[in-house]
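Given chain F, work out where chain X should sit, using these hints.
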Amino acid sequence: MPSSATGLPSSRLAARDAAAEAVAGIVQRPGRTVLTMLGTVLGVGAFVAVLGLTATGAGQISRQFSVLEDTTVTVEDNGPANNVAPPGTNPTIGFPADADAIADHVGGVVAGGVWWPVSLPENASFSGSLALSGASSQTIDLLAASPGAIRAMGLKLVAGSTLSTFENDTDQHVAMIDTTTAAALGISPARLPSHPAVFVDGIAYTVIGVYSSAQRVVSDESAMLIPENTALADYGNPTPGIGGEEEAQMVIATKIGAAETVASQIAAAELPTDPSRLVVTHPPNPQSLQSEVTGDLTTLFLILALISLLIGTVGIANTTLVAVLERTEEIGLRRAVGARPRHIAAQFLAESVTLGTLGGLVGTCLAVVVVVIFAAAKDWTAVLNPFYTLPAPLIGSAVGLLAGAYPALRAARTSPLAALRHG
Amino acid sequence: MTAPVIELRGLARTYPASPPVLALRPTDLVISEGDYVAVTGASGSGKSTLLHLLGLLDTPTAGRYLLDGLDTSALHDRERSALRGRRIGFVFQAFHLLPYRTALENVMLAELYNQTPRAHRLTAAVEALKAVGLGHRLEALPTTLSGGECQRVAIARALVNRPSLLLCDEPTGNLDSRNAAALMELLDELNVEGFTIVVITHDAGVAAHARRTIAISDGVLAERVEADHA
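Top to bottom, those sequences are chains F and X. 275 is the number that our numbering gives to position 275 of the first sequence; each next residue is one higher, with no gaps. Going from the second sequence to our numbering is simple: count from 1 and add 1000.
Here chain X stands alone, though its shape is the one from the complex:
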């Protein structure tokens, strides 16, 4: 049995309001190393809240979140930042590439705060871009890249430091169907390579690529197990 990468124990997030908004009700969940999980749900169902909690971008109001066996709930911001920088890779729907920096510089940014020597950052970024099929666009600015290429740069940035967890937020949301299909193929390959992937999506086609699908509705998770998923 593989070790759990993510372990949620009664994790909950309530936003202060009148009345308080229960964005994520107390949740238990285990995601193991090499898992490929899709979290699906309608807008406002709590998908993004879960993503932010898993990405250590937000803090829970109750429960515990163990990442690689480390209880993150009580960590200082300094330690959470270090974990984000080294253990988690983000792929956003809006790409979030720096428009005035080249594809290579955008990927190198992922290791800027990790005390990684510049020469190593450069080598790793080149390798990551080659891995996503953009070895020939290293010096291209995002403004000159297609949507699919931008998302590939974003994926290269997410995996350049070999994170424990690849968190993808609607990764095909800004792509046409052809680029979306190519991107999902890339994610499938990365999963085969051993990356643990969590994809937040409302697209059933995207969710179909995952080996586990977790539906979320009104902050409550419900897992649908498909044993025969390829």
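Isolated chain F (complex conformation):
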């Protein structure tokens, strides 16, 4: 644009020239440039790495939850509103006799049934078949379980068979035990055809199956499972009440993603006359759980990232200010050859923004490498959201812009006379 009074075109600094001058200014002192960038590298790197590692970890948690926990619904019997049981006895369990069949008819249910820990007197003894002369001094949980509950528990059979509806309906004295219990009682899975028995305070239960692991309820304990009706006949009704350790419960295995729907329907299906007696729980939303687990840590690391960015900002500001003071002679020269104050400001601002952007770029790259290596080491899948990873270097640009503002203003205000005298 021609200057009105002189007829000469105004002084102008093209963006390309400003960028070239900025790069030239930065590469003058590579060592100082690298050190100055370090704060931004750490800040942006920490930011991207924290979010990347969090997302990667969250993905892992989500996967683990989705397989089992998200397909389990638990129903607890809170007991009747008015305890109608005779003194010294427990009320009838809240679940109907055909609870298993009812559960099977609810959409999304794979299997479900009633179980409870049988209340045994203190010092109750478990011993193996006399023929095998085994005895156990360790704690074994005696659990009553319906055939549906057995299926829902997802037992991995090693030998024998599971408790059947027939055995339940006919109060058979049969049992399933886990391999640890079997070993403790001296019952070899290979000997099941000889019908070994476990004596619980003198009552014999024929072992018909041995399992090695379970997906639900008895997954990490030594347990002995007997039919529900056999338990009712031998030990009476379980103790009611939420929070009680021996209350009757239902365990329901659902299809993936159906847990919430099943949870909302099961109480009314099982006990339509008094659904509020049953308390239904299903696993927490994996996403919200993941948020709880990682939320505090993420906040902490993001604060650290912000602090690093702040340090980076101060570092760039300090270096740019020192550069302005060091280069007053250059400022004077540029003014002498036609630069306007805004051109001087633009140059120093371009230098600090370039410095910040480079720092952001390097930090982002390093963070991506860290996340990928970390995920690979853990055999996880690296998760990096492009919505924050790709623009991350711009955080460095913003830092550079912020840091360069004051030094650039100061450079622009430098008198060309003072600058030339400086030399």
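Rather than coming from a laboratory, the hints here were simulated on the basis of the structure. Here a beta-carbon is modelled for each residue, glycine too, at the ideal position from N, C-alpha and C. Heads up, a few of these hints could be off.
Unchecked claim - Ranges between beta-carbon positions, derived for each pair:
1. Val314(F) to Arg1178(X): 49 to 55 Å
2. Val322(F) to Pro1016(X): 17 to 23 Å
3. Val322(F) to Arg1118(X): 25 to 31 Å
4. Pro30(F) to Ser1146(X): 37 to 43 Å
5. Glu1189(X) to Asn318(F): 44 to 50 Å
6. Val27(F) to Ser1177(X): 51 to 57 Å
7. Ser1146(X) to Asn318(F): 34 to 40 Å
8. Arg1064(X) to Glu326(F): 35 to 41 Å
9. Val372(F) to Gly1133(X): 57 to 63 Å
For chain X alone, coordinates are given in the frame of chain F:
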């Protein structure tokens, strides 16, 4: 008669102090196109003040300064910057070369703000360096050049955009006698080519090269005319 490049009418510069410092008293002066003027004086006489005013690096407190017939006194900084970039070439005693940039880049800097395309800047800078005898040191850094070579780079930078006025501030101040003599020869040649040159110096030998000598003392100019100067 050639057109005046510089025309001062009552130009004065007073620095605020107590009492105010009259660095340049009201001055009238005309320097024509092709003139070769030496301004001599002792330290503190007002030489630098005059140079800064002539170079549009400072503004007068009174009077008018016409450069190429243009009254610069009322110009905005934007216009003064444009004039500096296109009409005035500076040669400083301290060279003022950017130490991390090559000789070529230092010369190209003179047209950086003139909206001149880069290719043209490059060509012009090469030509200017060749003109001062440094065509073989285009990529040399100032730190590897001698004092004389540095000052030649500075002169190439000053004349690359063919300014109306070449302002030289003690151009031989940092040079030995041999380099100083060579530099003055170069300035003489440039004057012969048509450049208008104003040299600020306290060195009588340097002043002797000029066709006009203006002495300055306590901010007052006094011209000594030597009609038979070669």
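* Asked: Do Val322(F) and Pro1016(X) keep their Cβ atoms within the hinted range of 17 to 23 Å?
  -> violated, 31 Å
* Assessment of proposed distance window 25 to 31 Å (beta carbons of Val322(F), Arg1118(X)) -> holds, 30 Å
* **Outcome of range test on Cβ distance (Arg1064(X), Glu326(F); 35 to 41 Å)** => Holds: the Cβ-Cβ distance is about 38 Å, inside 35 to 41 Å.
* Asked: If you check the beta carbons of Val27(F) and Ser1177(X), does the distance land in 51 to 57 Å?
  -> violated, 38 Å
* Asked: Quick one: are Val372(F) and Gly1133(X) within 57 to 63 Å, going by C-beta?
  -> holds, 58 Å
* Asked: Is 44 to 50 Å right for how far apart the beta carbons of Glu1189(X) and Asn318(F) are?
  -> Distance hint for Glu1189(X), Asn318(F) holds at roughly 48 Å.
* Hint check for Asn318(F) and Ser1146(X) - Cβ pair distance inside 34 to 40 Å -> Cβ of Ser1146(X) to Cβ of Asn318(F): about 36 Å, so the range 34 to 40 Å holds.
* **Val314(F) versus Arg1178(X) beta-carbon gap, inside 49 to 55 Å or not** => holds, 51 Å
* To do: Could you check the hint for me, namely that Pro30(F) and Ser1146(X) are 37 to 43 Å apart, CB to CB?
  => violated, 27 Å
Of the numbered hints listed earlier, those contradicted by the structure are 2, 4, 6.
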